[in-house]
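Chains as they are written, first to last, in the working numbering: chain A, 201 to 763; chain B, 47 to 352; chain C, 695 to 1010.
Be careful, since some hints might not be right.
[Stated by the list, open to error] Label pairs and their computed distance ranges (CB to CB):
| hint | chain 1 | residue 1 | chain 2 | residue 2 | range |
| --- | --- | --- | --- | --- | --- |
| 1 | A | T419 | C | F795 | 50 to 56 Å |
| 2 | A | K679 | C | F797 | 56 to 62 Å |
| 3 | B | L130 | C | A910 | 54 to 60 Å |
| 4 | C | L732 | A | D745 | 58 to 64 Å |
[Stated by the list, open to error] Heads up, incomplete: computed chain C residues facing chain A, CB under 8 Å, no partners named:
| hint | residue |
| --- | --- |
| 5 | N774 |
| 6 | D775 |
| 7 | S777 |
| 8 | Q839 |
| 9 | S843 |
| 10 | P844 |
| 11 | N845 |
| 12 | F862 |
| 13 | M864 |
| 14 | G865 |
| 15 | A905 |
| 16 | A954 |
| 17 | L956 |
Read the hints as simulated data drawn from the structure, not as lab findings.
Beta carbons: idealized from backbone N, C-alpha and C, even for Gly.
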Amino acid sequence: MRKNRRRGVLAMALIALLLLATMTACTGTGKKDETGKVDTGPNKSGTEEIKPATLTFLSAWNGGGAGFPQDQKNNPVAQKIREKTGVTLNLESITTSEVEKLNTIFASGTVPDIVNAPFWSTTGGEGQVIKKAAMEGQLLDLTPYLDKYPNIKRLVTTGIAKDFNEFDLNSPDFEGKTYLIPTETPDGTPESIHNWNYGLFARGDILKALNVKAEDIDTQEELYDLLVKIRDGGFKDIGGKPVIPAGTMWNGWDYGQFLAGWSDYSISDFREVDGKLIHWTQSKDYEARLLYMRKLLKEGLFDLEAFNNTSTTANEKLTTGKLAVFGAQPMLANLQKTLYKTNPEMQYELLGPMKNKNGDIRTQVEKPGRSGFPVLFLSADIKDPDAALRYIDYVNSEEGRLLAYFGIEGTHYTMENGIPQWIPDVKKQFDENPDLKRDAGLNFLPGRFIGAFSNEVTWPTPEDQKTQWQKLEESFSAKMPIKIIDKVSASYLAREWPKYQDFISKTSSMNFDDEFKKALFASSDEEALNMLHNIQAKFKAAGVDEMAEFVAQKAAERDDVGF
Amino acid sequence: MGARRLTPADKLYMTLNYSVLLLFCATALYPFIYFLALSFNDGYDAMKGGIYFFPRVFTLENYAKAFSNPLILNSFYISISRTLIVTVGSVFLTALLAYALSRKGLPGRKYIVFFFFFTRCSAEDFIPTFILYRQLHILDTFWVLVLPSLYSFFNAIIMKTFFDGIPEGLAESARIDGASELSVFARIILPLSMPVLATIALFVGVGVWNDWFTGQFFIQNEKLQPAATFLNKMISEASFQSMTSSSGNSGSAIQNMTETQMELRGVTPEALRMTFVIIITTPIICVYPFLQKYFVKGVLVGSLKE
Amino acid sequence: MVPKSIVIPGFEQLKKNRKLTRIWQFRHIYLFILPAILWFLVFAYYPMYGILIAFKDYKFNLGILGSPWAGFKYFEQFLNDSSFYDVLRNTLSISALKLIFGFPAPLILALMLNAVMHGKIKRVFQTISYLPHFVSWVVVVTLLQKILSPNVGLINDIRYQMGLDPIFFMGKPELFYPLVIISDIWKGVGWGSIIYLAALTNIDPHLYEAAEIDGAGRWSKLFKITLPSLTPTIGILLIFSLSGILNAGFDQIWLMQSPATLSVSEILDTYVLKTGLQQGQLAYSTAIGLFKSAISLFLIVAVNKISKRVSDVSLW
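Only chain A is shown next, with the shape it has when bound in the complex:
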């Protein structure tokens, strides 16, 4: 779940999109066009000499520099890689908006050799900028190199959701060329898809005091009753102040967990209702959701401040046990160090799992493969593409991966039964001072260079070595197994609708979720429903019904479309 940290000059920064073309089209300040570039393709000489090369790498993630080792050139991992590939990287990152940085580098023609950036879709945000850059010849076409670097080829074809692949990663606008290398993708096995364990979590001691079993609560009514009992039960947080029966983390994430009864397994913007296809905004369920949440808020069952929570206030509420029930992920990283140490009896248990509309459990829905991930791309102006590709290919080899995750065999880890194990002393050092691990070069490759891989699947932790927290997470996952839907999302079909662009511009200033939240605080139920119908009508006026019809038609022409 991406947290929206964009502020300030975002809109103005998008000017780069335009100025990029300005540079190309008229002023000619240094922007070369595609035909003039020399692209020699893969090196054809017999035995390749590994020439040493130094390349620039940009991790276009806000705060992504946190994982960079202090000594970029001579940490153990970097040294080993240089030995094997001859390549040294100069690392750089940002502490500002990712979109802004991307716009800047493309607009000014200062694209680093290798860049890793978010790529969630091509219709907005970073993905849109990257796509534009690719179409305008700013990115290196990797197609001729794929056969030479088998690991890279594997990354480009594994662990990616079919529809995302068809429509975004290999967008028709790319004309069959490959520009992007996915990273942080699963390895193609269902087990490698990460279960985030979203759900409702309730304080164990409160449940016990009320004589309620967590798994018994799985409908909205039961949830409501439970919250009422909690409110009237006089429970306290660790500071002795009254608890809030229900709440969320920052910005109201994720209040949706409290409305599981009106969810279903969907992978697109459309829903099948009474044999007809409708746009999600038109669903009648929203009335029920609205009234339910309003009831919770009005009756003092839900944190009034939830939508205003900053991460600070959210963390405070979390670690003091102030929320009797919260909806989010298990938040173990925070809790294990704080609340669970001081008050282990307060350990949160998973409620339910909650049942959805169809009586199935509400759980994570995934396609077999990730839709949207970090991607690597190379600058079209890169002097030595082979060096860059060599680096990426090596890191994604078996040997490279061990190096990236565990370091040097014998120094940092040993192999036991084919599974790498930290050398105890080393682990201890790393535990006491995480910066040592970072400075050994072990913190930045996995997230930004490695794909089509899951370390949990390839190097499973032996049962006896699992920490109690890992086991706890696993217990949650066992209760909420991921529902895999191997279909193409109907949302992609909407892009083919002739009025799609029009629709986008009409609805760009409409935010359904914002209106919904506003309605939650309206002074009366009537007014709230009015607000809801209002926004629904606006979407309707923008043409969602026609769009849904179009999509339904298109979907009927294929047999692999899912909603």
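Dock chains B and C against chain A, hints included.
What follows is chains B and C alone, placed relative to chain A:
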């Protein structure tokens, strides 16, 4: 001139005055006491709330973390040089400009002022600015920290307003005696304008000291980044880490950490932010008292009455 | 006055000479101005070409110049947007309130500080008073939330002790504006008073002495000497404040907004940011930016004219 006896009305007024000021200052000061307490408190413990005046779990970890990167002292060095150079340069240049604009009878003055004023009205877009700096070759150099901060229309007008208030007589007589404009400027106008010069120096200095934006967007070289940028970066990175480990956004981040690494050390981004506020503000607070001595009545003002 | 019927030969030449002579007289002054002109041309005028985007129907492959002219399409779109009037109303309301209550505050503080007799105490008060300026809005709003929180806040805590129900302050639309104004004043008043304090030192003490002798009381002195002397400063600052009327304080509002108060708390800048992410919205948001600039330009010129008439204080 003897001292006037204070009437009861005076006394009441004074009491009221002091009370309001006291109240206001208490509210203005308290947050800093709060930040100070938080900056010396263990971050995770702070999350439990309840800290108001004193740290509960004392620690120097936050400061240690803030200063852990050896480059931070370097960043202060950069900030200090930048602030000194820009303050002196800007105050001087702006004063020259303001003086020029305040000269009565200057042909075309209206148009000139309008020329400067007009730029204030359009929003400065980021990308054209970035491209400009690139074309000037000041990107990733010390100069990008200096050149764009040299002039401000607002400051110029404030100064001009003050200069307008200086009686013509003094300057006029000096000119008649043959003094050059520069001479008049330096020997007469400047000494009489200490308060406004000090004010503008303060504005410019503080503005430049707190500016993290320039260093963040226009400088890549870590050794050239000023303190504000550097500290901001650290908070950002700490937030990134805590977000990815607690919300599991970046799956690899969890997969990649050892168990105890998932428990961040006692330094939370919030604690770091508090520490940052203290670190970046303390120097300014210490500087101001030195400037205060200029906020005294212009020495020669009275002498013109003859 | 020379009657028009008499033409003095060489008169025009004389006039021109006089103008040129004056320019030559002021040559040093122009030299003082020159670096500024250069600087502004480079750093302020040159980057302005970005505004072209607001008038173009930008198509990626055609570039800015090649893209079809869109004229005022985006401005129209903005004006026709159903939320526009609400957003504009909110923006103006907040700015107006800030002007009415927030503008005099630094002046009042400066006067109060000036009345403090002991130099040392005055300095201490002054230094403390501008500390809030250095605290970023993120921190201020967090603090505010902590105090006013319906769950853990100080005020509601007290209410709880008294047996009263908690109030969700930050969620009440009717309280939003007061909270915004008060926090804005709190944060800016100390820093804003610095200019006035500097201006106050410029006032000739003899004026006060003379007034004393004439038997003038405290308030008399204030209204007859102090305030009139400060008029130029007040005037200039007022003009600047007015030019920023469509701003209303983005950072602060963005942080203080909540779904419950959006009907009154959505301002131009926050609205633009929210709608700014999609294609084409770039031109839209640049158009809004331009719209704001145009309004502020108009305002400054108008206010400047009025100010000149009324009080002889003006920018040019």
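Please flag the earlier hints that this structure goes against, numbers listed from lowest up. Of the numbered hints, 3, 5 and 15 do not hold.
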